[in-house]
Structures are given as structure tokens and as C-alpha cells.
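Chemist: Chains as they are written, first to last, in my numbering: chain A, 590 to 904; chain B, 590 to 904.
Calculated directly from the structure, the hints in this document are not laboratory data.
These numbers were taken from a predicted model, which means no experiment stands behind them.
A couple of the hints might just be wrong.
Intra- or inter-copy, both count: the list cannot distinguish identical chains.
[What the hints assert, rightly or not] Calculated cross-link-like contacts (lysine to any residue; reagent style SDA-like; alpha-carbon spacing at most 20 Å):
1. Lys829 / Gln756
2. Lys829 / Pro759
3. Lys829 / Asp757
4. Lys829 / Gly758
There are 2 protein chains.
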Amino acid sequence: MIPVIAVDFGGTHIRAAFFPSEIVKPIRQTKIRTEAEEGPYAVIDRIERAIKSVAPADCEGLRIGIAAPGPLDPFQGIILSTPNLPGWDHIPLTKEISNRFNCPVVMNNDANLAALGEWKHGAGRGVDDLIYLTISTGIGGGVITQGRLLLGAHGLAGELGHMRVVQDGPLCGCGQRGHIESIASGLSIAKIARARLQAGEASVMGEIIEDFNELNAEDIGKAAQKGDAFAISIIEDAGKAIGSHLASLVHAFNPARIILGGGVSQLGDLLFTPIWQTLTKEIIHPAYLQDLELKSAELGDHAGLIGATVFARQH
Amino acid sequence: MIPVIAVDFGGTHIRAAFFPSEIVKPIRQTKIRTEAEEGPYAVIDRIERAIKSVAPADCEGLRIGIAAPGPLDPFQGIILSTPNLPGWDHIPLTKEISNRFNCPVVMNNDANLAALGEWKHGAGRGVDDLIYLTISTGIGGGVITQGRLLLGAHGLAGELGHMRVVQDGPLCGCGQRGHIESIASGLSIAKIARARLQAGEASVMGEIIEDFNELNAEDIGKAAQKGDAFAISIIEDAGKAIGSHLASLVHAFNPARIILGGGVSQLGDLLFTPIWQTLTKEIIHPAYLQDLELKSAELGDHAGLIGATVFARQH
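With these hints in hand, go ahead and build the complete structure from the sequences.
Modeler: The structure is reproduced here in C-alpha cells:
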């Protein structure tokens, strides 16, 4: 039983929590704003403050685990660059934090750690091979193969949202074209819906929302849940695209479970039904489906923190 | 040092070789015709005969490793079904062979074992993370992650040729659409070239080949090597498609090396140059490229046999 302080931070918030033993619920936690515009070293000071506010009186044997936005090098503890954190370019975060607390610090990207967290303590319990996909603003991923987190040569593996599924497709947030993120992420769903509404398609959303430019995936989800055919078709299209991509990933990884997390995944059956229908239709052999399960993530906002705890205890 | 008899069989040939110690060159080998049309149990008899013809006088401690066409279940030693072997449906091959020789028998699919062979004794030596792609009639794959062959929940992982890269794309040999195999395999390259020639494009091939229906990837390769612009463009297009797919796979696996095998890969720079140019252009962050190498397979026709030997010694 190694006590761990887990940190999960992104462009808007820094969260820290103290996990005294191998449990899922932290005994003390905090959430503060990142204030990313102040630059990396101001953010690191705020991370330090968040850690201090949850730290136990006795720090004997303590480890710190950090879930951060990628791309990052977990082996060297360096954040390479990240779109939502201006000025972060090759920042040696684990060394900075380790110097301040004089204890071992490990770091990995938030989607990979969410996969690890779900595997050990959430929807992935009991299997050795799983694919985790988080569908929110963007699409991130993490893979467990034969009971280990897939890291790759430099810890950059698992970017399952940045795989090309449509030739010459829409522009992705990363600058490439046709990635699944450019078709089925929250931002992309909203963009597609805006374009179709502006082209004159009928929807109750046209009555509810004054400025189409403010339309987001949550609005579409709400309209779909109320039975709006337009909103349902938007979500169905996203589900089909995700299902098709998952069929490819199943051929590559042959998982026993697929776990979907992130805000968009909370649409439930509206999204899961077209995903599963497409996935099963596009599988090349029924053996891939023999005990494959598609599940919702269970840890919600805590997945990154819990994954960081698992990762810190492993290393 | 465990003595191993390795077997590699497909729709046309059965090869068997005896590897007395951990070396790459077998001391005795044979190659006979599969005669697949005679059905599974006649083929199994022929496999038995091939094994006997290379077996040592003293079989003490011997293991048998089999490279077979997939999909197959390596954990249970069952060939599930395979397009080039009529009548093979859930055939328990390892049990059949084990009963005949009274020794441990393991089996895995030929592309996965070629990846394993190249990793231990070929172009993959020295790295822990690699992607192996074999481009011949079809496209197969195998992945080594953190020093282990990626198997997945039922040993079906690594089907990197059956991943969708074009929406509503050409029909693939597996029955699905838009897989990379349907665009860049030997059969697909020939199909695309035939369609373009029949549509009237100019090429020296139009003069050499009387019946376009007999055109194959080798003919196109020869014409390209002689400088035929049409043939070069066909191979360039295939290279670009493979490079784009590899960029996606690099985001998923973050390998330190990519190894290309199979007949089509022998086109060398004609294929490798467009692959590398597209791959590097479509990578989302330069960190993925920091020490990534693209290499030709080294073991040629022996990759499956050598991989089967490695696999048998591991299990």
C-alpha cells in the first residue's frame, strides 16, 4: 500500500487528490483553475499548491502521479507540447514537481491513464485486453494489452483519435485530415450539425437556439433525447463512424472489452446502438465478437486521477 | 536450447524445417505441395509427412511450431477458417499434430510469426516496439509491443491489413470495404492498373501484355523499374496509401521500427519513398519520428518458419 497524490490537469482545471491506500475514493481532494494563460511555470506553482492542499501530514513513502494532456514523454517526464496549454514546450514537469516535494513523480497522458484507471477499478475489471476511447471535445484513447498499458517506444501510443478513416476528410484539430476526431468528436459533431442547419435542415434546435455558432454537442444530445429526428441522425452518423473505426481497432488489438468515456459517450443508447451495429457488421470474422463487450466508462471525472494512482503504484 | 521443427503452410505449399538450436538457418528442410483441394485431413497427413522428413533421429525435448493462415486461435490451436484452404472450419490442428508426434505443438498465424521472427532474428533486432506489415497478395501484419508479440484476447490481433482507410472504398478480399488491403495489396494494385489501362491510359505494359486480365503486381513492378510513368504512378499511389495508414498505426502503437515484408515490398525505393514521405507528412508530432526507422524484412521466405521456432521456444 503506497500512498499517492494524484494530479489531473488540463487547459481549464487542476485537480489533486490524496489516495492513502489502494482504494478508488480519495480521502481529500481539490480542484482549482489552471489559469493556463499565465504560462507553464505559473501553472506548475498552482499544481504545487494543489498538491500541498491535499497532502498528508506524514509524507513517508509518498509518490505523486500526474495525468496531463499529451503529447508527452512519460519515460522522461516531459510535456512535449499541448494545444490547450500555451507556452508548454518540452517542459520537464516530473522533475519540477519532484524537486519541490522530494519524492518520486510519474506522469502519463490523461487518456492513457483513464484507460489504466478503468481497467483496474472501473468498467475494465476482469479482462486483460481492452480499448478505451474518450469522446469529448476531441477523441483520445488508451489500450491495455495482455495486462499492460500500451506505451510504445516513447510512451506516445494510444492516440486512437488521430487515425485516418476518410481520405481527404475534414480538417482535424491536429492539422491533419480525415481522422476519426474530425468526424465524431464533440466539436466535430457540433460543426457538422451547424453546417446542416445553416443549409436549411429542419430541427427543433432551429427554434431553441438563436445563434447556430453557439451550438454544441450537448445541445444536440438534448434535442436527440427529446426525439428530434435531425439531432438523432447527427448522433447516429457519429456512432456509425466510431463503430467503423472500432471494427478496425478490433482487428488490430482483438480486445475483450471496449470502454467509451467522455461527455459525448453519455448520450447512451443513442450513440451506443449505431456504434455496436456498425462494429458487428464490419468485423471480418465472428471470432472477434465471441465475448467482446461494449461498456460505458464507470469512473467519470475521476478516471485520470485514479489511473495516475495506479501508474504511480506500478512505477 | 530447445530443438524445434517449424512448419509454415498455406494454400500452395507446406514447408517444414528442423532447427536444432537457436540459429536462423535450419539444418534440414523440405517443401511440398499443399494439395489444399483434398481437404483438411489430407493436408494434415501431408504436414505429418513433411515433419517426419526433417525430424531428427532423437526427438527428446522436441517441440513443433506451426505458422498457418489465419484467422486462427493460437491459445486453443484451432484454425477457425481460411479463404485459401477449402473445408478448414474449426480444425484443431495442434491437437492433431501433437497426437501424431507426442510432443508439444504451438501454432500462430503466419504474419504474426513473421513479425516475431523478424524481431528476434531479422530486421527488428534491438527494438522493443515494432510494426511488421507484409504486402503481397493481401496485406497482413504483426506487432511487437514492449518486447512481446501482440496477441489480443483470442490471439486474433495484428490484422493491420483489415482496417478501413477509405469510406465506401473498394471491396476487400474479406468482404468489407475500404480496407488498406483493398487499395494497396498486390491483387489490388493489379486491379487498379487493369482498370486504368482499360480506360485507355498509356503505358509500355499495354505493348508487352496481351491480355490485361493476366496483369499482376510483378509486371507493374518490372515496368516501373524500367521507368514506365504509368507503372510508377500506380506504385506511388499504393505507397501513399500505405504511408498514410502507417501514420495512423504509428499514432496507435508508437513503434521504434516499421518492417515491410512480402513480395510487393521488394519494389524497394519505388514503394518506400512515397511511403516514408506520406508517413512523415501525416504524423501529428515530430516526437513520433525521433528514432523511427522504416526497413525491409530480412528473413524473406524463412520469416514464418523462424518465427514459429521462436514462438515454440517461448511456449
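Chemist: Which of the numbered hints are not met once you compare them with the structure shown?
Modeler: none
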